[in-house]
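Spelled out, the chains give:
Number of protein chains: 2
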Amino acid sequence: MEKVTAYINENKQRFLDELFGLIRIPSISSIADHKPDMQRAAEYWKETILKAGATKAEIIATPGNPVVYGEKIIDPSKPTVLVYAHYDVMPVDPIDLWKSPPFEPEIRDEKIFARGADDDKGQSFMHAKAFEAMVQTGQLPCNVKFMIEGEEEIGSPNLEQFCRDHKDMLKADIILVSDTGMIAQDIPSITVGLRGLAYLEVEVTGPNRDLHSGLFGGAVANPINVLSKMIASLTDEENRITIPGFYDKVIELSAEERSEMAKAPFELEEYKKAIDIKEVSGEEGYSTIERTGIRPTLDVCGIWGGYTGEGAKTVLPSKAYAKISMRLVPNQEHEEISELFARHFESIAPNSVKVKVTNLHGGQGYVSPTDTKDYKSASLAYEKTFGKMPIPTRSGGSIPIISTFERVLGTKSILMGFGLESDAIHSPNENYPLFNFYKGLETIPWFYKYFTEDQNA
Amino acid sequence: MEKVTAYINENKQRFLDELFGLIRIPSISSIADHKPDMQRAAEYWKETILKAGATKAEIIATPGNPVVYGEKIIDPSKPTVLVYAHYDVMPVDPIDLWKSPPFEPEIRDEKIFARGADDDKGQSFMHAKAFEAMVQTGQLPCNVKFMIEGEEEIGSPNLEQFCRDHKDMLKADIILVSDTGMIAQDIPSITVGLRGLAYLEVEVTGPNRDLHSGLFGGAVANPINVLSKMIASLTDEENRITIPGFYDKVIELSAEERSEMAKAPFELEEYKKAIDIKEVSGEEGYSTIERTGIRPTLDVCGIWGGYTGEGAKTVLPSKAYAKISMRLVPNQEHEEISELFARHFESIAPNSVKVKVTNLHGGQGYVSPTDTKDYKSASLAYEKTFGKMPIPTRSGGSIPIISTFERVLGTKSILMGFGLESDAIHSPNENYPLFNFYKGLETIPWFYKYFTEDQNA
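If you're matching them up, the sequences are chains B and H in order.
FYI, the numbering used here numbers position 341 of the first sequence as 341, with every residue one higher than the one before it.
FYI, the numbering used here numbers position 2 of the second sequence as 2, with every residue one higher than the one before it.
Check each hint, because a few of them may be wrong.
The list treats identical chains as interchangeable, and a pair is accepted whether it falls inside one copy or across any two copies.
[Said to hold, decoys possible] For lysine-lysine, the following PhoX-like pairs were computed, each having C-alpha atoms within a straight-line distance of at most 25 Å:
1) Lys356 - Lys412
2) Lys354 - Lys229
3) Lys72 - Lys388
4) Lys412 - Lys229
5) Lys263 - Lys278
6) Lys35 - Lys412
7) Lys356 - Lys229
8) Lys273 - Lys356
9) Lys412 - Lys3
10) Lys51 - Lys3
Since the hints were made in silico from the structure, they are not lab data.
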């Protein structure tokens with residue numbers, strides 16, 4: 001393994017330069033104008049894998065953005081690791097809050113600043129380069145496959161079918177994913193739980209046109225006032241969600257499990273300071289870690305209606321809109337929750353308005369045990385490079401496709417995420433520390449080694 | 001008076017063409033980019049008055065947009081009518097809902113479609129042309145002064161000082177204003193009450209930057225959810241405003257006054273059909289006419305925050321905003337209400353967010369009795385041209401400066417408005433029927449005649 005480490009050290013700057021090349025492609029999957037960038041990003045990945053040493057790499061079309069598939073089969077009797085990642089990124093607005101242009105990566109304070117620096121270009125590129133280092137030094141211990149998709153940030157609408165269509169090709173012993181975070185640079189952790197997601201847009205229509213708020217105000221329902229009341233009513237005074245049936249399938253953790261979770265290091269004062277809030281806020285009876293780890297939530301991701309320009313225009317608007325996301329926990333079914341939401345939202349609308357609910361996307365949550373071979377191999381790898389055992393954690397985030405992999409391919413995933421909470425993924429000034437990039441790169445080959453040894457044992 | 005009527009009939013088309021010239025100047029007072037248009041509109045008015053026969057007309061600078069002043073003093077011993085109007089207009093968004101460009105006036109279905117067609121370019125131009133007709137036919141019975149301002153739609157921030165600075169110049173027996181509506185083309189009415197206005201913007205800040213709604217959602221207050229709850233709490237289940245002290249100074253009408261008001265023709269089904277709503281909605285215990293006429297209200301005129309673009313971006317935003325207007329009735333003081341609102345809004349903010357309240361504009365309401373000489377003269381004028389007595393009504397709209405005129409100049413106003421509810425003022429496709437334009441033009445000289453005779457009597 002010294003050879004692998006030496007190779008990485010010798011090529012550090014080139015790896016970074018090549019990552020920057022990928023980052024410079026503005027592959028925003030949710031904005032139709034960026035379609036050509038999706039193709040460019042896929043081609044960049046194909047070349048990257050081939051140059052790294054894959055025996056095969058191809059771009060496979062889907063009804064949406066293409067999937068990049070690559071492989072190196074050294075011995076069919078050896079175990080196979082399937083690396084899953086995504087080349088698409090989130091939109092960049094509000095653009096004026098970025099200190100440097102989102103698609104011109106810049107190093108400041110030993111961090112890469114750019115959209116995708118962490119999520120998921122930075123994290124996924126560690127795998128390409130760890131693979132290259134193992135191949136070029138003759139140290140690859142097992143078979144490797146790559147599946148890099150371009151629709152993760154919009155809910156992977158075509159990947160389930162892709163998996164169904166390519167079951168044999170994607171056969172593997174484990175799916176390896178770096179698209180999550182760890183607690184801190186000196187506190188490695190492995191994500192063993194992810195939340196599911198239901199995301200809907202609501203439209204509330206009052207009068208059929210914008211009205212003069214003086215002539216009509218007070219007599220005609222204002223859709224913004226009404227929408228505010230409807231949103232307000234979705235959570236109660238204890239911050240519990242009021243949609244009937246919402247909690248029916250939520251698995252309550254035992255006191256023991258909760259006390260185990262409570263051992264994870266967490267500094268409330270630092271947490272509040274980092275995002276400049278006076279108080280945290282969430283469901284009564286649960287800690288901050290529990291609120292994001294084991295409890296479902298409802299957040300309005302966007303709201304708009306009426307006059308939002310300069311100055312004081314009075315208007316009683318015709319329409320108001322909101323985008324509402326719910327993070328789900330095992331065993332909540334996202335289709336069922338979306339349906340419950342829609343039915344409830346329609347039912348609470350007063351007769352003075354019309355309501356339209358559109359389901360925009362969704363996915364299942366995921367939990368994995370910590371007594372598996374893959375978890376143990378990952379744990380050993382972190383111990384080797386960080387000098388301490390990682391802590392198993394549950395993330396509040398969602399990678400809906402992980403549960404699909406298990407269902408469709410029958411393959412478990414191991415989430416070796418190297419991001420930090422301060423990476424500001426999905427936000428302006430997304431960043432990824434060079435420490436994490438190189439440390440992740442160094443850790444991954446150890447996973448391959450331990451996982452292969454364990455499988456062969 | 002036949003000469004006046006004949007002059008109007010002979011010049012109908014030219015009057016319209018000249019009005020179109022004024023409408024084509026996009027004099028939006030709330031948008032700084034339109035500053036040069038304000039000057040152009042003022043110059044257009046100055047020329048209009050001079051050509052009509054004023055002996056003097058000038059553009060007087062203020063710290064904001066200039067005021068156009070003009071006069072024709074035929075005999076200092078005769079009464080003086082001061083015409084007040086405004087040359088500024090509201091913004092035009094949402095622009096995509098306009099069927100024809102807002103500043104390219106177009107006649108469809110016997111109506112002028114354009115921003116300002118009614119409010120207030122169409123209505124004010126009737127005065128310029130009625131004046132011209134009286135002067136050119138030698139029928140002007142009294143002295144006339146014009147005061148045309150450019151900041152009415154942003155709350156006339158400089159007109160009070162202007163009045164203080166030019167008290168003598170503005171001395172008059174009555175202020176004549178056409179900036180309100182009437183019940184229907186065959187039901188003339190005179191507005192004897194106007195609501196006041198308090199308009200504020202609120203900003204709710206949660207975390208100091210947009211956060212990943214998965215990683216933080218459920219544990220950190222979402223400013224949109226919080227703002228929705230705060231707005232929702234501003235009105236109770238009976239649609240009464242919950243701000244402490246808000247109703248303290250509201251004058252409750254007597255049962256007799258309310259039964260008098262209830263006599264005004266009003267077709268609820270037609271009202272609902274015109275704006276395509278299933279049910280009206282407002283303060284319990286009051287009729288639709290009362291809700292807009294004699295009761296104060298709270299409307300959110302605009303709301304925004306988070307992701308409002310295409311697709312399903314998940315985000316826990318840093319900030320959410322709303323523009324909130326309150327229509328006030330006598331004797332509510334707008335400064336006091338703004339202060340009550342701000343204090344209350346800050347007090348209901350949970351500790352998990354920060355709140356900023358900015359006062360954007362305000363003005364007092366107005367009520368005038370119906371037993372005055374000016375009301376009687378106006379009433380006779382309508383009877384002459386419409387063939388029936390006008391009905392006194394209270395408008396839900398606000399012309400804050402009217403109460404200022406009374407306070408500062410000691411002069412009452414008579415509100416001879418010729419607009420219709422269907423004119424869609426402040427909205428896309430604002431329009432003004434040619435019938436109303438010409439009928440108003442015809443009615444105004446009769447007011448001059450009766451008012452002068454009455455004053456001389």
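Hint-by-hint comparison with the structure:
Within a single copy, lysine 356 and lysine 412 get their C-alpha atoms no closer than 38 Å, and across copies no closer than 49 Å, so neither meets the 25 Å cut-off. Taking CA atoms no more than 25 Å apart as the test, lysine 354 paired with lysine 229 passes in both settings, with 14 Å inside one copy and 21 Å between copies. Taking the shortest alpha-carbon separations for lysine 72 and lysine 388, neither the intra-copy value of 31 Å nor the inter-copy value of 93 Å comes in at or below 25 Å. Taking the shortest Cα distances, lysine 412 and lysine 229 never come within 25 Å of each other, neither inside one copy (43 Å) nor across copies (42 Å).
Only within a single protomer do lysine 263 and lysine 278 lie at most 25 Å apart by alpha-carbon distance; the minimum there is 24 Å, versus 56 Å between protomers. For a Cα distance limit of 25 Å, the shortest separation of lysine 35 from lysine 412 qualifies neither inside one copy, at 31 Å, nor across copies, at 64 Å. Taking the closest pair of Cα atoms, lysine 356 and lysine 229 come within 25 Å of each other both inside a single copy (16 Å) and across two copies (21 Å). Proximity of lysine 273 to lysine 356 under the C-alpha cut-off of 25 Å is restricted to the inter-copy arrangement: shortest distance 20 Å between copies versus 39 Å within a copy.
In this homomeric assembly, lysine 412 and lysine 3 never come within 25 Å of each other (Cα to Cα): the closest approach is 30 Å inside a single copy and 94 Å across copies. Taking CA atoms no more than 25 Å apart as the test, lysine 51 paired with lysine 3 passes inside one copy only; the shortest distance there is 19 Å, against 94 Å between copies.
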